[in-house]
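Trainee: Could you put together the complete structure from these sequences and hints?
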Amino acid sequence: MIRNNDMISPYQLAMIVIMTVIGVGIFNFVHIVAKYGGNDGWLIIGILGLVHIFVGLLLVRLGRRFPGKTFPEYIQEIIGVIPGKILVLLIASYIMINLAYEIREFTEVAKMFLLPRTPTEIIIFALIAVCVYVVRGGVESVARIVEITFPLLFIPFFLVLLPGLPELDLSNLLPLVSDLDIKFMRMIPRVPFAFRGMEYILFYMGFMKKPEKASKSVTWALVFITFFYVSISVICLSAFGAKSATKAIWPLLIYIRNINIPGLFIERLDGVILSIWVITIFTTVITGFFIVTYSLSKVINTKEHKQYALPLLIVIYYLALQPSGLAELYEWGSWGFKYVSPIFVYGVPIFALVIAALRRQGVKRDEEF
Amino acid sequence: MGLFTRRKKAEKTKNENYKIKSTTSLDENLKKIRTILKDCDDVIYKEFRVGAKQDLEFALIFTDGLANKEFINESVLADLMYHAREIPPDAPELGNELFNLVKYGSIPTPELKEIDNLDDAVLAVLIGDAVLLINGTAKILVLGVKGWPARGVSEPGTESSVKGPRDGFTETYRFNSALVRRRIRDPRLKLKQMQVGRRSTTDIGIFYIEDIAQTELVEEVQRRLKTIDIDGLLDSNYLEELIEDNPYSLFPQMKATERPDKVAAALFQGKVAIMMDNTPFALIAPATFNSFFHASEDHYIRWIPATVLRIMRFVAGTLSLVMPALYIAVTSYHPGILPSELVLSIAAAREGVPFPAVVEALIMELTFELLREASVRLPILVGGVVGIVGGLVIGQAAVEAGIVSPIMVIIVAVTAISSFSIPDYTFSNAFRLFRFLLIFASGFLGLYGIILGLLLMLGHLVRLKSFGMPYLSPFVSLTPSDLKDTLVRLPIFMMRRRPLGVANDKIRLNNNRSEIYNSKDKKDESQGADKHDKK
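First to last, the protein sequences are chains P and A. For the first sequence, position 271 matches number 439 in this note's numbering, and the numbering has no gaps at all. For the second sequence, position 94 matches number 106 in this note's numbering, and the numbering has no gaps at all.
Calculated from the structure, these hints are not laboratory results. Don't take each hint at face value.
[Claimed, not checked] Below, a list of computed lysine-lysine pairs in the DSS-like style, where the Cα atoms sit at most 25 Å apart:
hint, chain 1, residue 1, chain 2, residue 2
1, P, Lys377, A, Lys50
2, P, Lys377, P, Lys471
3, A, Lys58, A, Lys44
4, A, Lys115, A, Lys33
5, P, Lys378, A, Lys518
6, A, Lys50, A, Lys33
Please read these numbers as outputs of a predicted model, since none were measured by experiment.
Mentor: Right under this line is the structure:
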């Protein structure tokens, strides 16, 4: 019998990382890659993705210093209770704004392709309400639902991509490797956008029964994410060429829209894929949402996290409705991901790791083995 | 609140300790029993005297209809009247002497119990045993002479199968436990019995295999059963609702089955079966989402067709959930998804239908559910009428009158057929209700609503647990070896290990198939191997 132990398995951690990092941004992602990386964008994102494996391992390093503890618990040890709580609150509000952004972005996409006449408010509210229900179930529920939706999401997605492959024109990727240094410099500020959500590792690692297995799952998760990013970049860049891909806001959706599977009774696949894609926004939101509620419970020192889910629904709903439209949303986004995200994805963990190492807190590397 | 519970507790302990002790005087005992069983006219009191001088007083009490009268007449009364003569009349403790003689020598029944209080005696009478009181001793003998009219073992009504065993449980608990015991002749198959229900005193048995089922699971089941304090239990569903993890869920968290082979199979997987008197439905705990899609027949036919059938069942289950919702979503929100010819033909069929697709779907689905309910409740003789009304009046006439489109009728029909392919009745009810939820969701938000509805259902399912086992296992908390018996049913020789959550004996089967292949070529060797095995 498996008891209610609030534990997650290494496999579930990998799934959480994948399903969190790959979010709605994927539709817009190729646009950004094409805009800043040109036809070499896929290569650059591949290399940067591999670099992020090391970032991921850094996060794991920090988590392993404090086995069985989550970030909000050990940050209070590292930098003191009050500063720790403030930092946790900051992270929680950052994640919350992030979630609102994701939800709003998805709503805009959904309005464009699925539900042109439905009010934005209803689309947003319905989504968050379902998320609240799952988040109230605790970390186990979150991990399980992420685990179970992973194949439901990616198997149909890759199956849909397959029939379009023969029509790709790989010559669009040529010339290979030109002005790589300039493109790199332009791409780097945009990368936190693609890998935001990685910092959740710090939180979810604390729920692992065997934290020593985290590095393996994080590596695999990031390899998968990089592979996924590279493959859709290659597909879209070679299908449209860098210039046309820059002109479309959501190149991936246009690519999917143009796929015709012979013999299938479904004519336009974008609607289907988009509705399946609800799953990814859903998982992105619940993993983040859980962290926000959990952090709050650690800041206020309550045993349960459940009671915060419902009030936060209203906050996220309010935040998601702030941008007046897609243009404003993406404007805010491009600023936020450039300047704010790096602080939380890289800055905070490195800062915490350095302080912990200086103050000799937690388990050191040589003691672990 | 606290006050009341405390008071209740005090009453309870009082009841347990307070039992009327029997005395040595037969008359006194009889009088007390008669007072307790006052106005119970089906209880028969037979007072008789035996011995040479006719001075040894006996009384036999039993309930008419519950006890086997023939047996009482031939074996109890006749034998007693004869054997009591062997006691020397001047024995100092006549009563006890007599008692021992009767207990150890006289009555040819294997079930004999000795008690010393009248409450238990009364209970025994009501259960169907006979109680023998003897003048001069406070001890009372309970003779197991149960024998009441019972339905014989017959084919289970709700879970029929083409191939495989055909015996099903009946309303008699003892028959049922025997049916399971017959399948597992292992001393480690344990049956723990208890009685639940303040007034009904219903027999409940917990079956498990000692070294396969986890001790915590068995203890948890027992603990939960002990918390039940109810006047009477009429069906195992009472138990289910009283001890399941989440009583507010639509999904059953224990599997009710009429098939002893299913119970045996579950026991081999480390599960626990709860059996109850007066119902042919045994409960298997823990139950998972996966197991409700399995029919026992899956293991009685070859594995490839079994796998195909199983996948078909999962597909049908999904269809029964989403079909009407998809129809609504496609017709009212996303006609662009379908090829234009199909959209045109749907639009042409829907021309003249005055309602939006949601209302159309609701009308038809509700009608179908009504039909289904009617045909379940009606006597068989009238049942045929329902078919005619359903098929002609509602199907054809509704379309011709232009209330619904013919495509909607097709959708409802496919949904209905699909929902029948879910093997478990309780479980398919959950799907029925979720179908309506999805219809509403799709009416509001189209495909997006359907996906949200499904995610809500999934969210509920991942939160659900059955006796600590995640409801969606083995799909969640992944153990790859357990996936052999889920969507697919791999050959039996491949399922070497028992599923997750098993105590000690984890190996189910040792695959010796290679020996079969070898023996074909070298007969001598295989004979040698056989001898080796026998050693």
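Trainee: Can you list which hints this structure breaks, lowest number first?
Mentor: 1
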